[in-house]
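2 protein chains.
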Amino acid sequence: MSKPLKVALLGCGVVGSQVVRLLTEQAEDLAARVGAPLELAGVAVRKLGRKRDVPVPEELLTTDAHALVTRDDVDIVVEVIGGIEPARSLILAAMAGGKSVVTANKALLAEDGETVHAANRADLYFEAAVAGAIPLIRPMRESLAGDRVHRVLGIVNGTTNYILDKMDSTGASFTDALEEAQSLGYAEADPTADVEGFDAAAKAAILAGIAFHSRVTAADVYREGITEISASDVASAKAMGYVIKLLAICARSDDGRSVGVRVHPAMIPRSHPLAGVREAYNAVFVEAESAGRLMFYGAGAGGAPTASAVLGDLVAVGRNRLAGTRGPSESVYADLAVHPVGETVTRYHVSLDVADKPGVLATVADVFSRHDVSIQTVRQEGRGDDAQLVLVTHRASDAALSATVEGLRELDIVRAVASVMRVEGDETP
Amino acid sequence: MSKPLKVALLGCGVVGSQVVRLLTEQAEDLAARVGAPLELAGVAVRKLGRKRDVPVPEELLTTDAHALVTRDDVDIVVEVIGGIEPARSLILAAMAGGKSVVTANKALLAEDGETVHAANRADLYFEAAVAGAIPLIRPMRESLAGDRVHRVLGIVNGTTNYILDKMDSTGASFTDALEEAQSLGYAEADPTADVEGFDAAAKAAILAGIAFHSRVTAADVYREGITEISASDVASAKAMGYVIKLLAICARSDDGRSVGVRVHPAMIPRSHPLAGVREAYNAVFVEAESAGRLMFYGAGAGGAPTASAVLGDLVAVGRNRLAGTRGPSESVYADLAVHPVGETVTRYHVSLDVADKPGVLATVADVFSRHDVSIQTVRQEGRGDDAQLVLVTHRASDAALSATVEGLRELDIVRAVASVMRVEGDETP
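Chains A and B supply the protein sequences, listed in that same order. Residues in the first sequence are numbered from 1 upward in steps of one, following UniProt numbering. Residues in the second sequence are numbered from 1 upward in steps of one, following UniProt numbering.
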């Protein structure tokens, strides 16, 4: 057994306190697996004297994070503060001192991964940054390293999945489902980062970068949240055998020369493996050329699950340090461009309130045709003077679909475009 | 870019020919990901001059596998022959020469992993040995290295899953479903290895060893196949909201001091994530202390999917060779014993043909009670003079359950024990 590896922990909240607990409770197993004990050198917190979920020996606590990460005896820095600063400065300072870094910081990696990867002189592991406990970064970076990924479809935000699942199973409105999620601790008091898709967009950027060996940032990701989803959208999807999920989609273009990265609600068929992902669970579906269809499923957040991912990375970087080696570094050789969302090829489900008179369908169909968008199914339901027209298109560019919807809005006979939603995961032509 | 790494391929069948194809078609990507080109040094086959799925340059083919794996210029040996010999001797010869080895050979690893791991002087990677394309070995060995796995429940044999899925969805008999699987190429002419559970047992041994950091061999695995499953078993399970799957189950005992490893058909609730695994797909469900419930899903067999796993390993060992390092080696420090199946704690579903007269239920219930097995539900259906009694037990040791069934067989009022099946994945007490 080698001499202990010293671990500095930045942050002692929901995840950090679980990391402390596991380092203590599983010390023997961890030492056997690494080949050396993992010893907590210090824990940087914002305030001393706070009550914590897990007791931390007082002499380990410090408010001087910078001094901690630059201590000569520290080997590995675990960053679970989140956010851009001071996390970035601390990680860069640690890296300058040759420390290995384990982080759960999706926002930093998605916004400024380039700086962090460039500064890395030992190891930078971040399994916990995407989809919590689900082993995803490692399989994508390593197991699929010999394959060609075509598409990644992921449910990577537990809060929105919980809300959409409640809306689907109980018929609740968005507001009621959000309130329930908040009361259960699945959503924060300010739910913006989750319900507007910012959290999922950061994860999509990280996944796309790894899947396509290119640099993708949060700013490259097209993003729509779920706040506009109504109970009737959910019911209408259900009636057609679909379920609405907030998806992170990273896909290679048909010619393979660029990638699209987007986060938005979408209808997927109930028979799709992602449709069965309930409550706050996460799942990521990968389509690769040789491997075919793969899915990874599990808890996407929470203290213990996220800490499990952090500990897995800790064991890996610990082993690497002992062996005097490094894990795989950032792979961006393919350098594919991210194309604008308009170039994405997808399908639309469009629901229109129209006047119920002859010729309406022909007029509506003409708008689709003028934009080269082919209609797969139409369903019309009379309701007194009005009728509801529900159309699902074949695959077309998002720009053409979007222009079609604009054209529909301009028609007198269209009283309202009740809803527009992308349809994914359904490859029937 | 470093100078090429030379790869020797043993076997050029369904998987090997796909490895050749991918090494050629994706040469540029692979070189960029490894940091050096992967160059095929030779392909060992049984017979020259055969027609192959993928054209292999004739000068690369050889029938002298031993000469190929001991060639000085070979860096990495990929073994996709399968079976114990000559695969073992060739791998040992390669290892003696310091080559890295990538293998898909589950039989060898499950029967004599100890010898092979002990001889390893560079890297031994075997992602393709379990569940084909599904990244599983690497996540279990590395991502979960900081967690404590409690249980692994897997559908790891595509042939039997295809057969059971057909029986479930069409009501077909085992024989008819097997014939269909054979006609579609999902089952071999001699289906013994699949339908009797030998293939799944080898995979269970490998998974258990990794999950519990202990040495487990195929001989340690309790095994029952699916040949006795009748259409009426499937229908009866369906009526109760269950589906029958052939499961590989690796579980820590309640006291954590030993592990049970078994392969047998079992009823699982339709709400369980594994229940939705259709056709020849594989999936592995992992329960870990911190990570919670995880599932990995994908194609478990087939040339291209298996080759994807081989190529991922090739990239990893290639990177390791360039860096002058090694991946994680075998971890068996926990050295847990495998307990006999009798000590397994599980639940039984028992279907009895009984005489339809007063006191029958009391007599039957008494047998359960004498063996300390608690009954969860009973359902009785009269059929003329006879009745059918269907009982589901609470959790008890397999030995007690087995003794109970023996006791039932001895009762005069029990005309026949129509079926006995374990119930898994349903944690309601």
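Source of the hints: derived by calculation from the structure; they are not laboratory data. Keep in mind that the hints are not guaranteed to be accurate.
So the derived label-pair ranges between C-beta atoms look like this [as the list claims (entries may be wrong)]:
1) Y333/A x G324/B: 13 to 23 Å
2) D255/A x K51/B: 27 to 37 Å
3) R370/A x S232/B: 51 to 61 Å
4) R257/B x M1/A: 15 to 25 Å
The structure presented is a predicted model; accordingly, all values stated were derived computationally and were not measured. Note that CB positions come from ideal geometry on N, CA and C, so glycine has one too.
Comparing the hints with the structure gives:
Checked against the given bound of 13 to 23 Å, the beta carbons of Y333/A and G324/B, roughly 22 Å apart, stay inside it. Checked against the given bound of 27 to 37 Å, the beta carbons of D255/A and K51/B, roughly 34 Å apart, stay inside it. In this structure the hint that R370/A and S232/B lie 51 to 61 Å apart at CB holds, the actual value being about 59 Å. The beta-carbon spacing between R257/B and M1/A, approximately 23 Å, falls within the hinted interval of 15 to 25 Å.
Every hint from the earlier list agrees with this structure, and none is contradicted.
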